[in-house]
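Chemist: The listed protein sequences correspond, in order, to chains A, B, C and D. Using our numbering, the letters of the first sequence map in sequence onto residues 7 to 408. Using our numbering, the letters of the second sequence map in sequence onto residues 7 to 408. Using our numbering, the letters of the third sequence map in sequence onto residues 7 to 408. Using our numbering, the letters of the fourth sequence map in sequence onto residues 7 to 408.
FYI, nobody ran anything at the bench for these hints, they're computed from the structure. A couple of the hints might just be wrong.
Remember, identical chains collapse to one label, so a pair may be satisfied in a single copy or spanning two.
DSSO-like, lysine-lysine: derived pairs with alpha carbons at most 27 Å apart [to be verified]: (1) LYS290 / LYS147; (2) LYS147 / LYS205; (3) LYS64 / LYS47; (4) LYS94 / LYS295; (5) LYS26 / LYS47; (6) LYS190 / LYS337; (7) LYS146 / LYS304; (8) LYS26 / LYS228; (9) LYS228 / LYS201; (10) LYS205 / LYS228; (11) LYS47 / LYS62; (12) LYS94 / LYS203; (13) LYS62 / LYS205; (14) LYS26 / LYS290; (15) LYS146 / LYS201; (16) LYS205 / LYS64.
Keep in mind that this is a model prediction, so the values were computed, not measured.
Listed below are the residues making up each chain.
There are 4 protein chains.
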Amino acid sequence: MFSETVQAEGHLIDSDILTKIFDIIIACESTYEVLEFQIGKTNDEVSRILLSVNSKSKESLEQALGDLLLLGCRPIEENDAHLKPAEKNACVPDDFYSTTNHRTTVRHQGQWLTASAQRMDAVICIENGQAICRKLRDVKKGDSIVCGHEGIRVMPEFKERDRMGFAFMSNEISSERRVETSVKKIAEMMRQIKKEKGKIVFVSGPVVIHTGGSIYLSQLIKSGYVSALLSGNALAVHDIENALFGTSLGVDLEHGLPIHEGHKNHMRAINTINRAGSIPEAVKQGILKSGVMHDCVKANIPFILAGSIRDDGPLPETLMDLVQAQDQYAKHLQDAHMVICLSSMLHSIAVGNMLPSWVKTVCVDINPAVVTKLSDRGSAQAIGIVTDVGLFVNMLARELAN
Amino acid sequence: MFSETVQAEGHLIDSDILTKIFDIIIACESTYEVLEFQIGKTNDEVSRILLSVNSKSKESLEQALGDLLLLGCRPIEENDAHLKPAEKNACVPDDFYSTTNHRTTVRHQGQWLTASAQRMDAVICIENGQAICRKLRDVKKGDSIVCGHEGIRVMPEFKERDRMGFAFMSNEISSERRVETSVKKIAEMMRQIKKEKGKIVFVSGPVVIHTGGSIYLSQLIKSGYVSALLSGNALAVHDIENALFGTSLGVDLEHGLPIHEGHKNHMRAINTINRAGSIPEAVKQGILKSGVMHDCVKANIPFILAGSIRDDGPLPETLMDLVQAQDQYAKHLQDAHMVICLSSMLHSIAVGNMLPSWVKTVCVDINPAVVTKLSDRGSAQAIGIVTDVGLFVNMLARELAN
Amino acid sequence: MFSETVQAEGHLIDSDILTKIFDIIIACESTYEVLEFQIGKTNDEVSRILLSVNSKSKESLEQALGDLLLLGCRPIEENDAHLKPAEKNACVPDDFYSTTNHRTTVRHQGQWLTASAQRMDAVICIENGQAICRKLRDVKKGDSIVCGHEGIRVMPEFKERDRMGFAFMSNEISSERRVETSVKKIAEMMRQIKKEKGKIVFVSGPVVIHTGGSIYLSQLIKSGYVSALLSGNALAVHDIENALFGTSLGVDLEHGLPIHEGHKNHMRAINTINRAGSIPEAVKQGILKSGVMHDCVKANIPFILAGSIRDDGPLPETLMDLVQAQDQYAKHLQDAHMVICLSSMLHSIAVGNMLPSWVKTVCVDINPAVVTKLSDRGSAQAIGIVTDVGLFVNMLARELAN
Amino acid sequence: MFSETVQAEGHLIDSDILTKIFDIIIACESTYEVLEFQIGKTNDEVSRILLSVNSKSKESLEQALGDLLLLGCRPIEENDAHLKPAEKNACVPDDFYSTTNHRTTVRHQGQWLTASAQRMDAVICIENGQAICRKLRDVKKGDSIVCGHEGIRVMPEFKERDRMGFAFMSNEISSERRVETSVKKIAEMMRQIKKEKGKIVFVSGPVVIHTGGSIYLSQLIKSGYVSALLSGNALAVHDIENALFGTSLGVDLEHGLPIHEGHKNHMRAINTINRAGSIPEAVKQGILKSGVMHDCVKANIPFILAGSIRDDGPLPETLMDLVQAQDQYAKHLQDAHMVICLSSMLHSIAVGNMLPSWVKTVCVDINPAVVTKLSDRGSAQAIGIVTDVGLFVNMLARELAN
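Isolated chain A (complex conformation) (with noise of 0.2 Å):
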């Protein structure tokens, strides 16, 4: 028999998470014994649990123990994580420590230290006495990378956090419920956002556009709630056709009739940039004269486009390079205070996997499959909102200007 005691505490049964600390360790055809328990006897106040983990092999309980540290477990007895050098480039030892979204803290030479740029599915390096979060990719050949499941703490989201706000409005993802009213609570934080300097990164598919979205989402970034605008190639291409001809996708959408040779505007428009030279030249010789693009550029929004193999063109902002155009997204979320995402579930997973758990993020789709996706692949904090998104543009912007 291999046991272990851990020990957690926070608000334990508010969040789910003393259900999942007994699903896994059953789970991992392991038993339990609780050792302590103490509840919160209050909201405010915080429950704390110390149990053992009992395993037939030694390999349950490790599976055990390393899944339990993702909801906050930690052993009683505190080590210093253990290091080992990545042994090439892009590659490191296989018991490596695979982040979460979730804030997280390493022990090293006694000293708990926080892990900077947290997301998922990134290792953890020791260097110069720091933490950091690094995609497979960046880790250089000798790189200290944090491996087994001593000195980490992991912190999960607590819902407790903002109860009867935020949180609670994830309950349930259905497109039977009054949009009014979430538009309204998103309205309102953006406000205090805003009011606080913080940072609102919005994320965007073309549908945007298609649906009509395009003057309001121009009115959001005219009024300074939007930071950043991450998307790709076919919102600008799409965005630059509306303004230079009226149409979307080759639809007229003053009339929502699709009109003659609309099917080559996208092309044209793509041809018109790259004759300028850029999006910006464009706008500075007077060719491009109103859109989402054209107010990034008055505005001085910084939006990143990125490539994707159905890209006709591209314009030449677009970053065909994607490792290039993956680090330029992680840099304009870096300190994002609220991210929200419209109709794009390609741009929208990317950014949930960049972001960490206590960034505010909206999603924004008619098809609720979208929504329940971005939850389903880690990004638990989503809110997902089912609805047309050129309405709810058309409302978002409308609330705020009030």
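Use these hints to put chains B, C and D onto chain A, whose structure you have.
Modeler: Relative to the frame of chain A, chains B, C and D by itself:
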């Protein structure tokens, strides 16, 4: 070789009818020869075709002629329709003519009679020199039933009628459309119909309430844009729940939070109406003071609540006898100029079955499959809008208030 | 300050019940103090809690107690339930107790009575020393109705019961799952239930026929895996259409092509059954020779066809009086061990309302929203499988034939 | 009044082309007069039309002619195409001709040249007496670009070609179809193409792995039905994760349960391949012993993994430079006879953009919107099948093994 010569005229090309004519002949393992064809030389001119259909078996020919009939092709030789007596109640001869939703005339004693109460999946009875569409279940033993294919003319709707307006909207069903554009067009039609004292029937599911559309639907009722409301038990229950307790399905519509004992509120709503005796009584007694049902009662707008197998309660007004419910639906759809279906596949398909093809029909749902399904079931005239129904009603009421 | 002390025991943590208890108290604007808490030290041991609930108003306290009751919390002081007479037919006092689908006992004259016919959204009547769940519409003036919160105990299902089996499957609803795995588990349960002479009820929409599931559902019927079939008019019509003409909704199931005059086949099917007088008569007369309906008749499996507002026909067996249909559904669901719902939101929710929470329920649909909705409506025990229902029935029949 | 006379011939009616011709003229605010029309008298005969298009402005006429060109209408007077030099790299004159996916010929020095590398959204360059479709980004300064509408002929696919076979399947996209029927037809075509040593390219998303399709896709590879596999990083990662650890996205595929530390397995898989140096190396070293990637390596089937903004890792083979990825995709699609797209909107649309319209394309997804979208984007030849992709591949492999 069996063959017959048929003719057709109209906007055969604009409406893809010619394509379908040829498709059917091939599908019936037959061949065709075009004997004469006059193309409409301009947009206003109709086309005319005379073609011979040739089959190896009498059965194939009969099949082809039966299907061609529905596209407006008729034998050149005019004969009276065959009439046979219904052998018993709700039972007709095997070769009965089954109606479509298109305008149909029947030749009887040398006269072409226009069938009344046109709808799909009915039989045609000749009674007192009149042709009447009758549901199978309403057929009585001895009724004179139109059988075979002779002496019948079907006039499919030609898309051309308002080319650039209503018809064009129906091109594609997609969530990637600008709903504001559609809302404007629909509002315009509604204004026109109201001005001409025409009839606009709303068909609605409970999602309108859950998504916060209640007050906007009420606005439409109060401003005279709703001639009748066809729905089910659930819409009324959740509307009354909302009016009495501020919740819908136990969720507080103002704050979006599930509330204490909310699961019980819909039962309390039913109980309250049961105590008053009926919805109008509850209005009269000052118990029910707001909401869609209240406003229907106040504005004297008829509402029909059809029962369903999943109903709780039901409310006193809910028709749990579906034969009665279908008859009431059909009665209130008579002479409708426009039907707007909001988020209810069940009631929308029911209504689609009852409507002639010349009634403007709009179907709004967040699920594109619902919208597609209505078309697939024969209501090809229905325009589908894929969006959030709560926001749609909000925009529509706002547009009509301008 | 108003306060009351309540207690609960069971697998409070495994089933997230403790979390919900605290959530409710906060949501009711009350506070709590945990007076005693014994945690289940191992997976088999239950937990016990004693806590005081404190509110500023009597109303808030009542609300909190009402909701806590549904999670298994009861006052420490035991009293008889309050009984009040129904004031008229289908109308009960305002503070009536509205049931959940969980096992419930009521204290009457010092005795705890287990409510029979447990289902959600009913009231509890005490009659001849027995507690009975009764639908509101079946309440008669003077019936003795359980009111308030005292003397009632609710026993929520604890997920723990078969941890690694059925319950675990329900974690996530997603189309990105391996359906073969679920099919194997379900087949295993079905074999077990059949062996123990238990009851497996199928609930099915017409999509099973359209997607080619007909012959596989027939196999299940013939092999004795179907105790009753609950459905609507459409399933029977399209099954008979397929048996008589090889089509479903006018599409040739063998070749996938829409066929000549196919639109009419479902009306011909109804007419044929009307002529025979009934489905069993059509089987007896050798007119109906195959299909799901035929095999039900041959195997003497009861089938209930509930009418709906969109029905054509209907067939002679279709119950157009929904009160009767609901009663028949409920009758055949009695003592079911497992219910399998195939592609019919309408009938699945109807059945979900009628079932106690301890009946294993599987809901299969290609639309994840249907599956989610059933859970949201209170049938939390339902396991959702998002897949093609035709292929699902195919795999299930194949697995059970092995 | 500006006017021009154009002609067209082919199966104009079967393919709705005539309808579209008239629609376009009206939409361009022009009128038409049919000067001559010869209808195809039988199914085999083509139709011919000569019509004059009349517009009030030169611009409208140009628009109409530009759009009519895409439907196969060409001016009666034959001229050489206008050539203009590209003004700089990736930038062409404003009136450049933008390609469709239909076969196109260009008149140059009195000769009609068939454009090579036909795809949509390209320009046509004349180089060394040859017409070549070239992506805008590949255009070099001074390239000879086809501009305007003269001297260009487009040959739309006529649906008629295999009326009762492939084309007919495309009628409706719905989840309410019998997938077994489609599987049989597709299997038949695949057998035929393999027999003729034709090329079948598979395009696949990771859902094939999550839904358990892995072993069936492997069977198809081993039996020689897959000429190339176009996918992304995720398919390979989850396939290798499954091969090494038995999980996909951390879910145990055999038992359907999420497993201990499963979230980390995909990172472990990437790390393992990074250590080996490449996928083929991992196969060679005996580390990777099964799965789709393994079987591709063993069978020497090329696989292209395009990077995306949401990728973890990536694997050494993943092309993070999308220009390179698109070029590789295009290379392997050359001369494909059939393309089967499994559950990946991103890669399917990418491939749709690259394919000429005469390549048989099948798109399988559980979400009908994905299937519809591919068609809407111009890949009208794509046949959509709405079903569970894991079960689909299972059925297809089984059918082909018979």
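Chemist: Each hint should be assessed against the structure and marked as holding or not.
Modeler: Here is what the structure says about each hint:
1. LYS290 / LYS147: Answer is between: at 24 Å across copies they meet the 27 Å cutoff, but 46 Å inside does not.
2. LYS147 / LYS205: neither (35 Å within a copy, 43 Å between copies)
3. LYS64 / LYS47: Classified as between: cross-chain Cα gap 22 Å, same-chain 36 Å, threshold 27 Å.
4. LYS94 / LYS295: between (51 Å within a copy, 23 Å between copies)
5. LYS26 / LYS47: both (21 Å within a copy, 15 Å between copies)
6. LYS190 / LYS337: Answer is neither: 29 Å inside a copy and 42 Å across each miss the 27 Å cutoff.
7. LYS146 / LYS304: neither (40 Å within a copy, 31 Å between copies)
8. LYS26 / LYS228: Classified as neither: same-chain Cα gap 45 Å, cross-chain 42 Å, threshold 27 Å.
9. LYS228 / LYS201: within (15 Å within a copy, 41 Å between copies)
10. LYS205 / LYS228: This pair counts as within: shortest intra-copy Cα distance 15 Å, inter-copy 44 Å.
11. LYS47 / LYS62: between (35 Å within a copy, 19 Å between copies)
12. LYS94 / LYS203: neither (42 Å within a copy, 44 Å between copies)
13. LYS62 / LYS205: neither (50 Å within a copy, 39 Å between copies)
14. LYS26 / LYS290: Result: close neither inside a copy nor across copies, 56 Å intra and 41 Å inter.
15. LYS146 / LYS201: neither (41 Å within a copy, 50 Å between copies)
16. LYS205 / LYS64: neither (46 Å within a copy, 44 Å between copies)
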